[in-house]
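Line order of the protein sequences matches chains A and B. Heads up: the first sequence begins at 3 in this note's numbering, then just goes up one per residue. Heads up: the second sequence begins at 37 in this note's numbering, then just goes up one per residue.
If you are wondering where the hints come from, they were derived from the structure by calculation, not from laboratory data. Among the hints, erroneous ones may be present.
Claimed, not checked - The following label-pair restraints were derived from C-beta to C-beta distances:
| # | chain 1 | residue 1 | chain 2 | residue 2 | range |
| --- | --- | --- | --- | --- | --- |
| 1 | B | Glu-104 | A | Gln-224 | 41 to 47 Å |
| 2 | A | Lys-129 | B | Glu-71 | 19 to 25 Å |
| 3 | A | Gly-81 | B | Ala-61 | 29 to 35 Å |
As the list claims (entries may be wrong) - Derived DSS-like pairs (lysine-lysine); straight-line CA-CA distance at most 27 Å:
| # | chain 1 | residue 1 | chain 2 | residue 2 |
| --- | --- | --- | --- | --- |
| 4 | A | Lys-69 | B | Lys-112 |
| 5 | A | Lys-100 | A | Lys-129 |
| 6 | B | Lys-111 | A | Lys-100 |
| 7 | B | Lys-112 | A | Lys-100 |
| 8 | A | Lys-100 | A | Lys-128 |
| 9 | A | Lys-69 | B | Lys-90 |
| 10 | A | Lys-128 | B | Lys-112 |
| 11 | B | Lys-90 | A | Lys-228 |
| 12 | A | Lys-128 | A | Lys-69 |
| 13 | A | Lys-69 | A | Lys-100 |
| 14 | B | Lys-111 | A | Lys-69 |
| 15 | A | Lys-69 | A | Lys-129 |
Positions of the beta carbon are idealized from the N, C-alpha and C atoms, including for glycine.
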Amino acid sequence: MPRTRFPKQTSEASAAPTVQEDNADQLQGPAVEVAKPPIPLSPDAEILARAQAGDHHAFAHLYGLHKRRIYSLCLRMVGNVAEAEDLTQEAFLQLHRKIATFRGDSAFSTWLHRLAINVVLMHLRKKGLPLMSLDEAMEPSYDDGPGRSFGAPDLSLTGSIDRLALERAVAALPAGYRLIFVLHDVEGFEHNEIASMLDCSVGNSKSQLHKARLKLRDALRQSLRKGGRR
Amino acid sequence: MTIDPKSMSCEEFQSQLAELVGSGADVGNHPHIRECDNCRRLYQDLQTIADAAKQLFPDQQPEDDLWERIESAIKKGDS
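Please work from the sequences and hints to get the whole structure.
Here you go:
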C-alpha cells in the first residue's frame with residue numbers, strides 16, 4: 003500500500019476564504035476599486051461550511067471523507083479494533099460539538115487530526131498510562147530514553163526487519179514516542195505539521211522521533227539476540 | 037561553538053544526529069560516518085526502521101455501522 007501523506011490529499015477542506023490574485027497593483031494611475039466576482043468555494047470547503055451551519059447531511063459527508071484516516075490513527079495508537087472504533091466515535095462527536103469553532107487557521111484535516119490525538123491521549127490517560135497531557139507525551143519524564151551507541155560495534159539490523167517484530171516494538175513504545183513515530187514515519191506527516199498538531203517545537207518533534215527510533219532499534223536488537231540464542 | 041565534523045567524537049556526532057536526520061542532511065556522507073563503523077551502523081539501522089515503518093499498519097476502514105452509532109449519539113444529544 004502506498005504511503006499516505008494526508009495533508010496533501012485533495013479531500014482536505016479549509017474554511018479559509020480564497021482570494022484571487024490579480025495584477026491591479028501593477029497598474030499606473032489612480033487606484034480604482036474593481037468589483038470582483040465572488041470565488042466559489044471548493045466542493046470540500048462548501049461541505050465544511052454547510053456542516054458548520056448545522057447541515058446533518060454535510061456532516062455525514064465529512065465523516066465519509068475523514069473516517070478512514072481518523073480510525074487508522076486511533077487503531078495505530080491503541081492496537082485494538084473495538085477501542086479504536088470507540089475513539090473514532092468520540093472524535094466525531096467532539097467534532098460535531100466543536101465544528102463551528104473551526105476558523106480555518108490550519109487545514110481542516112490537520113485540525114481534526116489534532117482533535118483525534120487529544121481524544122486518544124485522554125483515553126490513554128484514563129487507562130492509567132503515564133500520560134497527563136500533550137506536553138508530557140512530548141517529554142516522557144518517566145523514561146530516560148533509549149541508550150545511544152558508543153563503543154564497539156554491536157548487533158546490527160543488517161538492512162532487514164521482521165515486520166511483525168517491528169509492529170510489536172511500536173506497540174510497546176511509550177505513548178508519546180509511539181505518537182510521534184506513527185505521525186511521522188507511518189502516516190508521513192512532516193515535523194512542522196506535527197509541531198503544529200502537538201503544539202511543540204519542530205526541534206522537539208525531531209528529537210522525540212529520534213528517541214523513538216532508538217528505542218525501536220534497542221527492542222529489535224534484543225529480539226534478534228533472543229532469536230539467536232534459540 | 038561549532039565542532040569540526042572530522043574530529044568529533046561518537047558522542048558529539050550522535051548528539052547532533054536527530055537534527056541532522058530531521059533536517060534532511062546527507063548524513064550518509066558525513067565525515068564522521070565515513071570514518072566510524074559504529075555510528076554508520078547506528079545510522080543505517082535507524083534508516084532501516086524508518087523505511088520499514090512505511091509498510092506498517094496500513095490504513096483501515098471502520099465498520100459500516102459506526103456512522104449509525106455516531107448518528108444515534110448525536111440525535112440523543114451526546115455530542
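The hints, checked one at a time:
no.: 1; hint: B:Glu-104 <-> A:Gln-224: 41 to 47 Å; in the structure: holds (44 Å)
no.: 2; hint: A:Lys-129 <-> B:Glu-71: 19 to 25 Å; in the structure: violated (47 Å)
no.: 3; hint: A:Gly-81 <-> B:Ala-61: 29 to 35 Å; in the structure: holds (34 Å)
no.: 4; hint: A:Lys-69 <-> B:Lys-112; in the structure: holds (21 Å)
no.: 5; hint: A:Lys-100 <-> A:Lys-129; in the structure: holds (25 Å)
no.: 6; hint: B:Lys-111 <-> A:Lys-100; in the structure: holds (16 Å)
no.: 7; hint: B:Lys-112 <-> A:Lys-100; in the structure: holds (17 Å)
no.: 8; hint: A:Lys-100 <-> A:Lys-128; in the structure: holds (22 Å)
no.: 9; hint: A:Lys-69 <-> B:Lys-90; in the structure: holds (20 Å)
no.: 10; hint: A:Lys-128 <-> B:Lys-112; in the structure: holds (24 Å)
no.: 11; hint: B:Lys-90 <-> A:Lys-228; in the structure: holds (26 Å)
no.: 12; hint: A:Lys-128 <-> A:Lys-69; in the structure: holds (24 Å)
no.: 13; hint: A:Lys-69 <-> A:Lys-100; in the structure: holds (17 Å)
no.: 14; hint: B:Lys-111 <-> A:Lys-69; in the structure: holds (19 Å)
no.: 15; hint: A:Lys-69 <-> A:Lys-129; in the structure: holds (24 Å)
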